[in-house]
Structures are given as structure tokens and as C-alpha cells.
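Undergrad: All chains, please: the whole structure from these sequences, using the hints.
For the protein sequence lines, the chains are A and B, in the order given.
Count along the first sequence starting at 1, add 4, and that's the number in this note's numbering.
Count along the second sequence starting at 1, add 120, and that's the number in this note's numbering.
These are computed hints drawn from the structure, not numbers from a lab.
Ideal Cβ placement from N, Cα and C applies to all residues, glycine included.
Be a bit skeptical, because a hint or two may be false.
To be verified - From the derived model, a few chain A residues whose C-beta atoms are all more than 10 Å from chain B:
(1) R30
(2) L36
(3) T43
(4) I125
(5) P131
(6) T143
(7) S160
(8) P178
(9) A181
(10) G189
(11) A227
(12) P253
(13) Q324
(14) A335
(15) A365
(16) E398
Claimed, not checked - To give an idea of the interface, some chain A residues facing chain B are shown, with a C-beta separation under 8 Å as derived from the structure:
(17) Q13
(18) A48
(19) W52
(20) R151
(21) A211
(22) F433
Said to hold, decoys possible - Derived Cβ-Cβ restraints for the label pairs, each shown as a range:
(23) F426(A) / R279(B): 45 to 51 Å
(24) W315(A) / D163(B): 50 to 56 Å
(25) F426(A) / G150(B): 44 to 50 Å
(26) L140(A) / S189(B): 48 to 54 Å
(27) G164(B) / A190(A): 33 to 39 Å
(28) A400(A) / V185(B): 46 to 52 Å
(29) A240(A) / V185(B): 26 to 32 Å
(30) A240(A) / L212(B): 16 to 22 Å
(31) V298(A) / D137(B): 36 to 42 Å
(32) S189(B) / A360(A): 49 to 55 Å
(33) A302(A) / L212(B): 35 to 41 Å
(34) P14(A) / L178(B): 35 to 41 Å
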Amino acid sequence: MSTGAEIFQPITVQVADIALARRVRRRWWLALALSGAATVAFVATVVWLLATGVGIWGINIPVNWGLAIVNSIWWAGLATAGTLISALLLLVPGQQWRSALNRFAEAMTVLAVAMAGVFPILHLGRPEAVHWMLPLPSTLGVWPQFRSPLTWDVASLLAYLLVSLAFWYVGMIPDLATLRDRAGGARRRRAYNRLALGWRGSALHWARWRQAYRAAALMAVLAATLHSGGAMLFAAGPSAAWHTTGLPPYLLASGVFSGLAVVLLLTLSLRAAFGLGAVITGRHLDIMGRLLLVAGLAFLYGAATLAFGAWYSGDPRQAQFLVERAVGAHAVTTWAAMALMFVPLQALWWRRARRAPAVLAAVALAVVPGVWLDRYVLVLGGLQRDYLPSRWGEYAPTAAEWALFGGTLGAFAFLFLLFVRFLPLVAMFEIREATA
Amino acid sequence: MNTAPPAALLASFPDADSLLAAARRARQEGYECIDGHSPFPVDGLAEALGFDERRVVLLAGAGFVGGFSLALLAQWWMNAVDYPLNVGGRPLAAWVAFAYPAFELACLAGAVVGIAAMLLLNHLPRPGHPLLDVEPFRRASQDRFFLSIATVDPRYRPRRTEAFLRDLGARQVLEVPP
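TA: Right, dumping it as C-alpha cells:
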């Protein structure tokens, strides 16, 4: 019979040493410097925006939602996939393969929700009054209006961010204890011990921990399904393009689709960068490929349903939006989105493609911008063509808007690199449990 | 020289099964102040040590229900009582609209209360626990399994308990400093 040392030591050493290695590789510094520069540019643009106002954006009436809202719902969509992989699959028995992926998928979720939350705040005409969206008692005597989906969006983003953060951290406590016990220096040991809350793997602690972790997972799944507060905000508005109850599931399905593609990209990068082939096996890639295919087909079905609904409703405005999408001002963007999202995806019907990292990366790299373009057409198409042709207008994003988008990409990468360097990026204890 | 009696005896085992078997034997023997330490949750170990509670789950559920009710009540009070705003004659107490933020806050409250209950009942954070000063115990978060018997246990006898632990197949028996 093999002992614990033989079975568990390889995974522990491999994962813990990524965070504890004394020498950091040059590639990491390079990536950190690049994303750090983008983060600085992001902060500078935010300062410029706050000093000048949203006039530096291309938005106006009638197109008063631009790139900021496109980016916000794109980031929020990405986040849902991380919750799906980690929380939903925790509650499904016999899903041990999630253990290799859940930790960094959760990190992706937390960071993506944070990025999604930045844009609506920047979009406020008066960002200094952001606390007015919260029910804080003040001498003003005014409360938020909860019959408006604007407040739903605030509640759902905030709850989703906090629940996914708590779920991520609680799941990480036992692995932080492993880092503490393998850390060389006394200072590092103390720091990781604080983060691990002095975790000592007690049987009673584990039992209560498991109950709390499962409860938090359930809450995280619910929060993810309801992150569509933003979608309700669209659907409740007067724009014909958005005025459908199908919008929340539409955004959820495309969000899961794009988020899975991002998780796949992160999986492939981390696997290659740290030689994690033994932890993240070909089977993991195969399953991820299947999930991506299923999510893509589900979204295709959702998009088709929405189009059918628009036509079948008999409402000429909704039908007009369909025509606009197909042959109007955004026709090129629409068809580019469709091609990027659904054409390379079909390769995943073949097992050999699902096991080939290069093919998977190519598909994921097409899906992510594809979904972003789809969001672009959804937001802009809904605003440029109103019921009255006299109210039609155009929109072009400005440099400031692109800088903010690039800036959130940079900030996301910057924070994710720090996570990879200092925190346990694979759930070691879950893999031990699965191999025991 | 330190002559104070140790706080506990710590026996190490190579795998989860032998720890589980040892925990069961120790319970049968009548020891009460015992705990297991493992690098992952071992199925049935807590139950073998007498763990039988669902407080964390119940409190998380209570947090969910309480969060939902409180959020509904607060929204109703804010929008229908304290600051009634007539929007085209629509009802002030819009329960369906209120349900959405209430559900979100219920999820948040359920997760937070469950986690807080877990930490409180586990007496965590406790970064200065004496076990963490025992050098070999560092393996407890990696690849080794430990059973500890506190010296306050009524059945504890210095020599006999140590012999008992060795008899259970412990690779090593250590003293935890007080």
C-alpha cells in the first residue's frame, strides 16, 4: 500500500512551488510590466474622465450607452462561467475533474465582476455620488427606487462580487495553510498563516468547512443565474431591440460561452507556463472543449429564439431591428461576430481537435472577441434606431473609451498575474482527496 | 528544562484509512478530547470523532431566509412608507420588483452567515495555535495524517496513552508543548 507521501507530495510540490519559488521567471516580470503599464494608462484615463466628464466619450442622445456598457456586460458575462465551473460542479456528485480548474476559474470570476462593476460607476454623470445607489440614510431623505431595474443591477453586481469573493477565499484557506507549511522564511510563513487563519486541518474544522463551502457554492450559483439584473435593465427599457423577456437568458448563455473560452485560454496558458500537464490532463481539455461546444450551441439556439420571437411578435420595430442587424450599419460587425463565435467552434465536434491545445486556443481566441462584437451590436443597434426616424443617430467610440477597455484588460491581467505568483492556483487538497 | 506536562500527544499516520481506524479505536477506548488532522477532508473522520451537527447549514439557511425577509421589508419601508414616489399611479408596494434585490441579498446573507458561523464554531482565525509550532505537524497540510489526544482528557495517562497510540500503528508520537 502506498503512503500519503508518495501520492500527495508531487501535486503539493508542483503547485506550492509556483507560489513559493524564490526566483521569478523573466516572462512573468515582462507580462507584469506590460499589464502594469496598461493599468497605469487605465488609472490615468479614469482620472481624465473624472476631471472632464463623460463628454470625452462618443456618447450622446440618442446613443447614450456606448463602449462602457458593452464592456460591462461583456465582463459580467465572462464571470458567470467561473461560477458555473467551480460552484455548480461542486454540487454535482462525481465531478472531480473540476478540482484542477476551479481555483483560477474563480479568480477569473472575481476579477471579471470587479471589471464589470467599474464601468457603470464611471458612466454615472456624477460618479462622486455613487453611494446614492445604495440605501444609505442621509439628510437628503431620498431612498433608491427599487421598482427600477437600475437598483437591481447594483444589487446583483454587488452581491455577485461579494459572494464569489467569499467562495473563492474560503475554498483557498486549506491551500494557504499548505503554502504556510512549505514556506521557507519566517515572514512568508507568518503572512500565509494569517491568510490561512491558522488553519490546522482539524477533522471538526473540515466538517464545518465543507458545510459552509457547499452553502456558499449554492449561493454563488444562484447569484450567477441572477447576475442578469443588468439584462433586466435592458429589457425593461423602451428600446424595441431589447424589449424581450428572452434577454436575461440570452446574456447568460453568451456569457457562459465567452467565459468558458476565457477559462480555456487561462487553462492552456497556465498548463504550458508551469508544465501542469499531469494536473490538467488531456481529459480536462476534452471536457472543456465539449462544454464550450455545448455552451456555444445553447447560445446559438438562444439567438435564434430571440430572432424568431422578434419576427413572430409581428411588431414592425422588432423586425426592423433584425433587418438592421443583418444588412444595416452594423452588418459587418454582426456577421463577423457570428463567424467568430460559431464557425471555428464546429471543430470541437472532433475529439482530436478537443485534445489539441493549439486548436482549442484558436477556437477560444475567436469566441471571446466574437461575443464582445455581439454585445456591441446589441447595445448600439438598440439605441441608434428609435421608433422615430428623426431620432436616429450614430455613434463612434473615442480614444478614451478604447483606453478604458484596454485598461480593464490590463488591470485584469495584472491582478491575475499577482494571483498566479502568490496564491495557490490549483486546489491541492481537492486533488489529494480525489487521488486518495 | 521544561518540566510542564505537554498539551497533547500527537500521533502521525501515513494514510487516511489508518487515521480513520485509529480515531475509531480511540473513541471506543473512551477518549473524548481527540482530534484528527488531515491534508484533505477525510470522509467519516469527523463523525468517528463524534461530530454530529448541522448548525452551519441551518444558519446559512436562516441567513438566506432572514436576508430575503429583511431586504423585502426594508425596500417596502423605503419606497412605500418613508419616501412614496408616485410613478404613473403604479403600486408603491411592488413586491415582484422588490423580490429581485431581495433574492440577491438573500444569497449574499446566506453565504456570509454560513462562512461566519463556520469560522466562529471552529474558533478561527487562530494563527497562534500551539500545534503550529510542532515542526513535523507541517506535514498535516501536505501528506501526513495526525491524531491528537489532549492531556486534559480524563482517560489520559502519560505512558499508557503513548503506548496505546503506538499500538494503533502510529509512525511517530510527539508531544505538543503547552
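Undergrad: Give a verdict on every hint.
TA: Evaluated hints:
For R30(A), the shortest C-beta to C-beta distance to chain B comes to about 30 Å, beyond the 10 Å cut-off, and the non-interface label holds. Even its closest Cβ contact with chain B, about 28 Å, leaves L36(A) beyond 10 Å, as expected for a residue assigned away from the interface. With a closest Cβ-Cβ approach of about 28 Å to chain B, T43(A) is found to remain outside the 10 Å limit, as its non-interface label requires. Every C-beta of chain B lies more than 10 Å from that of I125(A), the closest at about 18 Å, which supports listing it as non-interface.
Separation of P131(A) from chain B is adequate, the least Cβ-Cβ distance of about 22 Å exceeding the 10 Å criterion. Chain B leaves T143(A) outside its interface by the beta-carbon criterion, the shortest separation being 13 Å against a cut-off of 10 Å. The beta carbon of S160(A) is not kept farther than 10 Å from every beta carbon of chain B, the shortest such distance being approximately 5 Å. Remark: the non-interface label on P178(A) conflicts with the geometry, its nearest Cβ contact in chain B lying 7 Å away (cut-off 10 Å).
Interface exclusion of A181(A) from chain B breaks down, the closest Cβ pair being 4 Å apart, not more than 10 Å. The beta carbon of G189(A) sits about 14 Å from the closest Cβ of chain B, which is more than 10 Å, so the claim that it is off the interface holds. Separation of A227(A) from chain B is inadequate, the least Cβ-Cβ distance of about 5 Å not exceeding the 10 Å criterion. With 10 Å as the threshold on Cβ separation, the claim that P253(A) sits away from chain B holds: the shortest Cβ distance comes to roughly 15 Å.
With a closest Cβ-Cβ approach of about 27 Å to chain B, Q324(A) is found to remain outside the 10 Å limit, as its non-interface label requires. Even its closest Cβ contact with chain B, about 35 Å, leaves A335(A) beyond 10 Å, as expected for a residue assigned away from the interface. Its beta-carbon lying about 32 Å from the closest one in chain B, A365(A) satisfies the requirement of being farther than 10 Å from that chain. At roughly 32 Å from the closest C-beta of chain B, the C-beta of E398(A) stays outside 10 Å, upholding its exclusion from the interface.
Nearest Cβ of chain B to the Cβ of Q13(A): about 5 Å, under the 8 Å cut. The hint holds. Annotation: interface hint on A48(A) violated; nearest CB of chain B at approximately 33 Å, more than 8 Å. Nearest Cβ of chain B to the Cβ of W52(A): about 33 Å, over the 8 Å cut. The hint is violated. Contact between R151(A) and chain B, as hinted, is supported at the beta carbon level, the nearest pair being about 5 Å apart and thus within 8 Å.
For A211(A), the shortest C-beta to C-beta distance to chain B is roughly 4 Å, which falls under 8 Å, so the interface hint holds. Interface hint status for F433(A): upheld, as the beta-carbon distance to the closest one in chain B is roughly 4 Å, under 8 Å. Remark: the range hint 45 to 51 Å for F426(A) to R279(B) is upheld by a beta-carbon distance near 46 Å. A hinted range of 50 to 56 Å for the beta carbons of W315(A) and D163(B) is consistent with their spacing of about 54 Å.
In this structure the supplied range 44 to 50 Å holds for F426(A) paired with G150(B), their Cβ-Cβ distance being about 46 Å. Separation of L140(A) from S189(B) is about 21 Å and departs from the stated range, judged on CB atoms against 48 to 54 Å. Between G164(B) and A190(A) the CB atoms are about 37 Å apart, so this pair conforms to the stated range of 33 to 39 Å. Restraint check, A400(A) to V185(B): a C-beta distance of roughly 50 Å satisfies the suggested window 46 to 52 Å.
A240(A) and V185(B) have their C-beta atoms about 28 Å apart, which keeps the hinted 26 to 32 Å range intact. The hint said 16 to 22 Å for the Cβ distance between A240(A) and L212(B), and at roughly 18 Å that hint holds. Checked against the given bound of 36 to 42 Å, the beta carbons of V298(A) and D137(B), roughly 38 Å apart, stay inside it. Restraint check, S189(B) to A360(A): a C-beta distance of roughly 52 Å satisfies the suggested window 49 to 55 Å.
Taking the beta carbon of each, A302(A) and L212(B) are about 39 Å apart, inside 35 to 41 Å as hinted. A hinted range of 35 to 41 Å holds for the C-beta pair P14(A) and L178(B), which are about 39 Å apart.
The earlier numbered hints that this structure contradicts are 7, 8, 9, 11, 18, 19, 26.
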